[in-house]
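**Q** Between the sequences and the hints, there should be enough to build the whole structure, so can you do that?
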Amino acid sequence: MISITVYSEEIQLQTKGEEDIIDITEKVENIVHTSKIMNGIACLFVVGSTGALTTIEYEPGLKKDLPRALERIAPKNIKYDHHETWHDDNGHSHIRASLIGPSITIPIQEGRLVHGKWQQVVFIELDTHPRKRTIIVQLVGE
Amino acid sequence: MISITVYSEEIQLQTKGEEDIIDITEKVENIVHTSKIMNGIACLFVVGSTGALTTIEYEPGLKKDLPRALERIAPKNIKYDHHETWHDDNGHSHIRASLIGPSITIPIQEGRLVHGKWQQVVFIELDTHPRKRTIIVQLVGE
Amino acid sequence: MISITVYSEEIQLQTKGEEDIIDITEKVENIVHTSKIMNGIACLFVVGSTGALTTIEYEPGLKKDLPRALERIAPKNIKYDHHETWHDDNGHSHIRASLIGPSITIPIQEGRLVHGKWQQVVFIELDTHPRKRTIIVQLVGE
Chain A
1 MISITVYSEE
11 IQLQTKGEED
21 IIDITEKVEN
31 IVHTSKIMNG
41 IACLFVVGST
51 GALTTIEYEP
61 GLKKDLPRAL
71 ERIAPKNIKY
81 DHHETWHDDN
91 GHSHIRASLI
101 GPSITIPIQE
111 GRLVHGKWQQ
121 VVFIELDTHP
131 RKRTIIVQLV
141 GE
Chain B
1 MISITVYSEE
11 IQLQTKGEED
21 IIDITEKVEN
31 IVHTSKIMNG
41 IACLFVVGST
51 GALTTIEYEP
61 GLKKDLPRAL
71 ERIAPKNIKY
81 DHHETWHDDN
91 GHSHIRASLI
101 GPSITIPIQE
111 GRLVHGKWQQ
121 VVFIELDTHP
131 RKRTIIVQLV
141 GE
Chain C
1 MISITVYSEE
11 IQLQTKGEED
21 IIDITEKVEN
31 IVHTSKIMNG
41 IACLFVVGST
51 GALTTIEYEP
61 GLKKDLPRAL
71 ERIAPKNIKY
81 DHHETWHDDN
91 GHSHIRASLI
101 GPSITIPIQE
111 GRLVHGKWQQ
121 VVFIELDTHP
131 RKRTIIVQLV
141 GE
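Chains as they are written, first to last, in this note's numbering: chain A, 1 to 142; chain B, 1 to 142; chain C, 1 to 142.
Derived by calculation from the structure, the hints in this document are not laboratory data. The structure displayed is predicted, hence computed values, not measured ones. One or more hints might be untrue.
One copy or two, it doesn't matter: identical chains are merged, so the pair holds either way.
[Stated by the list, open to error] Think about it this way: if two alpha-carbon atoms lie no more than 30 Å apart in a straight line, the pair counts; the simulated DSBU-like pairs of lysine-lysine are:
1. 76 to 63
2. 117 to 27
3. 36 to 63
4. 36 to 76
**A** Structural data, given as structure tokens:
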């Protein structure tokens, strides 16, 4: 009889500030290993509205290229009504985060997180200053 | 012995038209409460190809800022081949919806939907007219 | 007593090259059918960092319109630092893939994959040449 369980853990990060892209693949793999789940899914979710999760080939070039694309979508130095609500400076951070999205779901097979050799799971800091971040890792499987 | 279950419910919305952004956090939280699931995941999915789901800080400024970013990605008043297929006017709506995405997966912990204090779950109407919308909320957990 | 299971299968694709958009809805529906899961979720994930998954109305017009929007976000003929890392030509492919995202989660209800009549599940080839692709389909449900 196969038994399905839910396993929860949190990843805590200290980011260096705007456009810091952090490879969290190994941290998630360690959580999968600890959980002893062999087959299932890993749901990752960032708490907060100015950070995002995705996958990318984690190399120095793309860490510069991705912020340039985000600047085309939501430039820093234009008017944001968000700034008038809070006298804040991170309207572009919120827009970028909502477009990339706060969650990602990744399969677990044979006790391992599925991903390509040149495909890492990353957290993207989009806020305008260094922050402490919490990513919930919720595993469901057998 | 922990017992895992699947719980399904639908959220029905009447949108006000293009770029209406609707906070559905409380509706999802009520479904989590009704399900009695304490620990697991909530998978939300919008049926249809001109609406999208994400999280955002739900305040009036960002509700104006987000459509401006979408206009940079997929402007309304340019040529879309989609319009030639159907004599339609919503090519930009489809493109925006596909880029943001139709699904979001959110952890459930201690019987509560996980999210930041200033992070709400939202449906974004991207079509060019008011519509009735169905969002499937599928919970898996214990 | 309801029994929850995990069911895994892979979809193998041969893409035609850059901006090939492939409707995989029927392949996923067949996997759901084979699994005999009646109620749950389907987590789809592309292995690799230059492909993406989303939903779209699968018709010839939007297949031309979507690449045009991606060209606004990450144009082909600009400088990418990624090219200096690997002497590669697909910096824009990586950026586009990270923004759309590698995963999508879709509900299963009454033994069927939930989606709109004009909403298909698609894989988008973003790399600069034809490739063999593997999409993991991980089902969790009862």
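**Q** Indicate, hint by hint, whether the structure satisfies it.
**A** Against the structure, the hints:
1. For a Cα distance limit of 30 Å, the shortest separation of residue 76 from residue 63 qualifies both inside one copy, at 18 Å, and across copies, at 17 Å.
2. Taking the shortest alpha-carbon separations for residue 117 and residue 27, both the intra-copy value of 16 Å and the inter-copy value of 25 Å come in at or below 30 Å.
3. For a Cα distance limit of 30 Å, the shortest separation of residue 36 from residue 63 qualifies neither inside one copy, at 33 Å, nor across copies, at 42 Å.
4. In this homomeric assembly, residue 36 and residue 76 never come within 30 Å of each other (Cα to Cα): the closest approach is 44 Å inside a single copy and 43 Å across copies.
The structure shown violates the earlier hints numbered 3, 4.
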